[in-house]
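Student: Protein chains in written order, with the working numbering: chain L, 1 to 369; chain A, 1 to 369.
To be clear, the hints were calculated from the coordinates, so they are not data collected in a lab.
Treat the hints with care, as some may be off.
DEER-style ranges, computed between Cβ atoms [as the list claims (entries may be wrong)]:
1. A:Q210 to L:A299: 24 to 32 Å
2. A:A278 to L:T182: 49 to 57 Å
3. L:D161 to A:F145: 46 to 54 Å
4. A:R21 to L:G86: 49 to 57 Å
5. A:D251 to L:T182: 52 to 60 Å
6. L:A18 to A:D251: 50 to 58 Å
7. L:D310 to A:S2: 32 to 40 Å
8. A:V88 to L:A18: 46 to 54 Å
9. L:R329 to A:Q210: 37 to 45 Å
10. A:T26 to L:L267: 49 to 57 Å
11. A:D116 to L:G86: 30 to 38 Å
12. A:G298 to L:E173: 54 to 62 Å
Beta carbons are placed, not taken as given, at the ideal position from N, Cα and C, and that holds for glycine.
2 protein chains.
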Amino acid sequence: MSLMLSVGARVRKSPFFAATRKAGLTAASVYNHMFMPTSYGDPAAEYDRLVNGVAMWDVAVERQVALKGPDALKLARLLTPRNLDGLVIGQGKYVPICNYDGVIINDPVLLQVDEDEIWLSIADSDIVLWAAAIAGAHRLDVRVFEPDVSPLAIQGPKSTDVVADLFGDWVRELKYFGFLITELAGIPLVVARSGWSKQGGFELYLRDGQRGQELWDLVAKAGAPYGIGPGTPNYVERLESGLISYGADTDAETNPFELGMDNFINLDQPHEFIGKSALKAIKAAGVKRRFIGLLIDGAPFKGGNEHRWDVTLNGAYAGFASACAYSPRVGSNIGVGLISTAAIAAPDGVAVITDDGILPARAAPFPLV
Amino acid sequence: MSLMLSVGARVRKSPFFAATRKAGLTAASVYNHMFMPTSYGDPAAEYDRLVNGVAMWDVAVERQVALKGPDALKLARLLTPRNLDGLVIGQGKYVPICNYDGVIINDPVLLQVDEDEIWLSIADSDIVLWAAAIAGAHRLDVRVFEPDVSPLAIQGPKSTDVVADLFGDWVRELKYFGFLITELAGIPLVVARSGWSKQGGFELYLRDGQRGQELWDLVAKAGAPYGIGPGTPNYVERLESGLISYGADTDAETNPFELGMDNFINLDQPHEFIGKSALKAIKAAGVKRRFIGLLIDGAPFKGGNEHRWDVTLNGAYAGFASACAYSPRVGSNIGVGLISTAAIAAPDGVAVITDDGILPARAAPFPLV
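Looking at chain L on its own, in the form it has when it is part of the complex:
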């Protein structure tokens, strides 16, 4: 039984919202207090465009939290366990953010966009409040706010050609999370090599909310020779690739080591950051569960799960599967979840308690495809 989405003023509209509706948007959710497109009604075609061609996604919900002022870097260092030494304008970094207990509260990409300005390109939690509270309590000389910035993603193997046609061949040389502040037909934006897929791609950070339709149309036109079409952060591909969805895959106790973020947590750096002592204790104790893929038996799932499914080992609770779907490329039902290390290592696998019955499954490392 499906539900309609109520549309009112409390939930914000992306600068691309009208364009997405014209392009045939059929379903949406809410993310960072903004409508987030989730389907144009043809999941198979959207998956195919992403995996074999090129797709354009309204991901304006990936809001920016700007830290601006003399203490911007000082605040950024407090906010993340990742060592920010060597940060430069033009190269982003993935920076987990933890609370004082070492629990992850967001996993943004950080972009230094000016000498005194840093952006956090956030997942679905109010980091603008967290960062402003830390800045205020520490009396830092920095302003924390949400700027008028809205990313439009271009994803898929043909995305580089589209973006090169728009901006020039220099984009082919951009490193992952590398970016350039530039413009397109006078529209101010940031071009970054990034995006929430493993199919390659770019994000255009629109810097003028009045020009969403204009940017959308320019990308659609440039992409037409490559068969570009609308899409959304892809439910199936992200499972195959093992991309983390904050809030879906995490709970109120999840720490970054459970998520395999060890490379982004620098406990021995000289700089202080929030959660340092808690994370040291967590690391010393060792993790009891990990974010992992699942191969799940049974007839192909028709869609995704509406809520977390319990995972059991020999009948006892062993974690949860946060998102599951049939993968055409794997040729099996797959899923992702936070599962006990014992269950991951179990030679006879685990069981997933779906809404339609209990299915045998086994843990599998990413990527699943």
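Given the structure of chain L, go ahead and fit chain A onto it with the hints provided.
Tutor: Then chain A, alone, in the frame of chain L:
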């Protein structure tokens, strides 16, 4: 063109979610990372039940932020400009929360539920992050977390009879925001006289998320003789009554004086709180706009507005109407918004730039009915 709401694990389900779907829920939104019911498909009947009878609402999205520990009150005092002297277990208080700039970031009801435990029953922003950051930065001895608590509202003129039948006649003596920690058929809960309407009512704060269906059924059964039926926070009644919807009616600059919250802002109290100096400056400068009602000409609106409509005075921007609808009781289109003091005082009224044309309007004090 309507949109479907995607249902997945990232957005949480209320303990009453299954019950609301069985009761015929047709539309929802997302609030505090949880699905929020918005319609059962018959707005006129839902309005009538609220205004003339009794309705039950799943308002579990009104999440609680618990402050627990020896410094709970100390933290609460830091968080709100309202003086908390005289706070007692059993009597809630409406407590605006502001950031360091004096901008409102939530407007919860505060309930002290134990000697060392305070709940903030919040609107749609992650106060759990704000409060945890303040507590951590100030090294307070208090834990900040979201407890397993989910309010179910019973609203309307006949709500007192329903709640008295369930709990006893003592509920008739509860003051506004007064509450008692108790149980119903062994289900742990808090009974409070509160709710987001001006039709009278109660909220049952369910304290065991496994027992949502059970509580829903008990209330439905007790309410049957009074004609109870499902409903949601009511779009039209809240406009008539002038209830603030945080996020819809507020923007990134809104201060509590603009919202008429002067009685809840105690700038001269001896206690320190966040935003004190900013709020003193704002008060001294005087407000330039206010939250106010609107009576709007033209044919009855069919539904609500999808986004804010500009309000103009003599052709110049003078604020926005955040929510508008036809009110059967007023016999006119009405709205609420943040509008310049000049526009409010204008003898010839203002204009509202609707999606279907420009309509004459005039400001009007609450309640509009």
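Student: That 49 to 57 Å hint for R21 (chain A) and G86 (chain L) (C-beta), does it hold up?
Tutor: 52 Å, holds
Student: Between A18 (chain L) and D251 (chain A), does the beta-carbon spacing fit 50 to 58 Å?
Tutor: 21 Å, violated
Student: Is the distance from the Cβ of D310 (chain L) to the Cβ of S2 (chain A) consistent with 32 to 40 Å?
Tutor: 34 Å, holds
Student: Could you say whether the range 37 to 45 Å given as a hint is met by the Cβ separation of R329 (chain L) and Q210 (chain A)?
Tutor: Cβ of R329 (chain L) to Cβ of Q210 (chain A): about 38 Å, so the range 37 to 45 Å holds.
Student: CB of D161 (chain L) to CB of F145 (chain A), is that within 46 to 54 Å?
Tutor: 49 Å, holds
Student: That 30 to 38 Å hint for D116 (chain A) and G86 (chain L) (C-beta), does it hold up?
Tutor: 45 Å, violated
Student: Is it true that V88 (chain A) and A18 (chain L) lie within 46 to 54 Å of each other by Cβ?
Tutor: Cβ of V88 (chain A) to Cβ of A18 (chain L): about 51 Å, so the range 46 to 54 Å holds.
Student: Between G298 (chain A) and E173 (chain L), does the beta-carbon spacing fit 54 to 62 Å?
Tutor: Check passed, 57 Å falls within 54 to 62 Å.
Student: If you check the beta carbons of A278 (chain A) and T182 (chain L), does the distance land in 49 to 57 Å?
Tutor: Violated - the Cβ-Cβ distance for A278 (chain A) and T182 (chain L), about 37 Å, lies outside 49 to 57 Å.
Student: Can you tell me whether the CB distance of T26 (chain A) to L267 (chain L) sits inside 49 to 57 Å?
Tutor: For T26 (chain A) and L267 (chain L) the Cβ distance comes to about 50 Å; the hint holds.
Student: Given the hint of 52 to 60 Å, is the C-beta distance from D251 (chain A) to T182 (chain L) inside that range or not?
Tutor: 30 Å, violated
Student: Is it true that the C-beta distance of Q210 (chain A) to A299 (chain L) lies inside 24 to 32 Å, as the hint says?
Tutor: 30 Å, holds
Of the numbered hints listed earlier, those contradicted by the structure are 2, 5, 6, 11.
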